[in-house]
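Protein chains: 2
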Amino acid sequence: MCKEVYAGVNNSVMSTVGKSTNIVWYECKIGKHERQQLLKQKGCVVWITGLSGSGKSTVACALSRELYARGYLAYVLDGDNLRHGLNRDLSFSAEDRSENIRRVGEVAKLFADAGVICIASLISPYRSERDACRALVPDSFIEVFMDMPLELCEARDPKGLYKLARAGKIKGFTGIDDPYEAPLNCELVIQLKNGECSSPSSMAEQIIMYLDEKGFLKA
Amino acid sequence: MCKEVYAGVNNSVMSTVGKSTNIVWYECKIGKHERQQLLKQKGCVVWITGLSGSGKSTVACALSRELYARGYLAYVLDGDNLRHGLNRDLSFSAEDRSENIRRVGEVAKLFADAGVICIASLISPYRSERDACRALVPDSFIEVFMDMPLELCEARDPKGLYKLARAGKIKGFTGIDDPYEAPLNCELVIQLKNGECSSPSSMAEQIIMYLDEKGFLKA
Numbered sequence: 001m002c003k004e005v006y007a008g009v010n011n012s013v014m015s016t017v018g019k020s021t022n023i024v025w026y027e028c029k030i031g032k033h034e035r036q037q038l039l040k041q042k043g044c045v046v047w048i049t050g051l052s053g054s055g056k057s058t059v060a061c062a063l064s065r066e067l068y069a070r071g072y073l074a075y076v077l078d079g080d081n082l083r084h085g086l087n088r089d090l091s092f093s094a095e096d097r098s099e100n101i102r103r104v105g106e107v108a109k110l111f112a113d114a115g116v117i118c119i120a121s122l123i124s125p126y127r128s129e130r131d132a133c134r135a136l137v138p139d140s141f142i143e144v145f146m147d148m149p150l151e152l153c154e155a156r157d158p159k160g161l162y163k164l165a166r167a168g169k170i171k172g173f174t175g176i177d178d179p180y181e182a183p184l185n186c187e188l189v190i191q192l193k194n195g196e197c198s199s200p201s202s203m204a205e206q207i208i209m210y211l212d213e214k215g216f217l218k219a
Numbered sequence: 001m002c003k004e005v006y007a008g009v010n011n012s013v014m015s016t017v018g019k020s021t022n023i024v025w026y027e028c029k030i031g032k033h034e035r036q037q038l039l040k041q042k043g044c045v046v047w048i049t050g051l052s053g054s055g056k057s058t059v060a061c062a063l064s065r066e067l068y069a070r071g072y073l074a075y076v077l078d079g080d081n082l083r084h085g086l087n088r089d090l091s092f093s094a095e096d097r098s099e100n101i102r103r104v105g106e107v108a109k110l111f112a113d114a115g116v117i118c119i120a121s122l123i124s125p126y127r128s129e130r131d132a133c134r135a136l137v138p139d140s141f142i143e144v145f146m147d148m149p150l151e152l153c154e155a156r157d158p159k160g161l162y163k164l165a166r167a168g169k170i171k172g173f174t175g176i177d178d179p180y181e182a183p184l185n186c187e188l189v190i191q192l193k194n195g196e197c198s199s200p201s202s203m204a205e206q207i208i209m210y211l212d213e214k215g216f217l218k219a
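If you read the sequences in order, they're chains W and F.
Note that full-length UniProt numbering has the first sequence beginning at 1, numbered continuously upward.
Note that full-length UniProt numbering has the second sequence beginning at 1, numbered continuously upward.
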């Protein structure tokens, strides 16, 4: 029987581990660089933050669509959707909301490492939590702030949550009785122009121009 | 100001939500199918299970390398590595080992949905836990059993863990004082041939042939 694990000459390193000598270790040479070459893009995290109803999911989807149309691989991590899977053990307590964001940040890091343009769409109201996610991928974190007025978000109220929060039926709702800490120094801000919303496509275009300028759309 | 979120004609649906009428909802048309077309492959989960020292990581890396050489995008989720990130809040208690596997299964599902060939490498000793991961991606879960004799794994002992377990310094170690439940009906079994190990490349080749036969290597 074979005590050593054999690898091709170009993929093996001889090393000493503990009291064993000359165990052949298998070195995995396919890393982020190689995957980026394959995809002709750079893995990164586009982190879209903002109030409920500010248009995060809309922009995430539009960005995913526009990138696909150009031949790039993107994947959307949606805070709400993940609560049906990876984060289904978490409640909406302060501690669990924080753990929710931590996990999404860690998964986004894995996608970026896989070479994918990962689009994370979460309210993520606290600076410290967003900054912790940024620290996981410091060179490839693009924070996009959906800077929409609370009144607009509340007027939209796509999930009816503001109404519930105003009625006191939801406690600790961001923008109502829990703070949203706007980014101080994010990569992109998406705002109204002359009081009007841009189309999802043009908001996505704004992000794509940034990705292009910073070299994420080539290997 | 704009109460509705506008989307291109081909990407919008009119709907009524709560008491609001005719809110334009943005429908994200880029799904798994489109990503698979882009990558010319099908997203799936190759779940490699077996004792510590059975060669899971080695095969995972070889498979990643061989797929890359053929132009396919794969990504390895390694149980040990994830414990430094996503699962760093988890101990090695029975409950936390189970949660570790659940999370890896959920993340693997996301990667498969992204169109990636996700290679998960974990001891994952219990059938029920592997089956729960399978249930997340029932049509694209390829369970690969590293069917290596305990004596071989223990002789290799790449991390020195068997020695610690035999000395009673690690409790509940799979294969020593905790059971490994071999798969009953997995997609692939990797075994010794005439008492000899195959090379990592040829073990990877065995998996690639399966992926090819089942249509995962085309969109």
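The reader is advised that the hints may include incorrect statements.
Identical chains share a label here; the pair holds if one copy fits it or two copies do between them.
[Said to hold, decoys possible] Straight-line C-alpha distance at most 30 Å; calculated DSS-like pairs for lysine-lysine: (1) K169 <-> K218; (2) K29 <-> K159; (3) K29 <-> K171; (4) K29 <-> K193.
Worth flagging that the hints you see were computed from the coordinates, not collected in a lab.
Just so you know, these numbers come straight off a predicted model, no measurement behind them.
Verification of the hints:
1. K169 <-> K218: neither (48 Å within a copy, 50 Å between copies)
2. K29 <-> K159: Between copies, since 21 Å is at most 30 Å while 46 Å is not.
3. K29 <-> K171: For K29 and K171, the Cα distance exceeds 30 Å both inside one copy (50 Å) and across copies (34 Å).
4. K29 <-> K193: Answer is between; shortest inter-copy Cα gap is 27 Å, intra-copy 48 Å.
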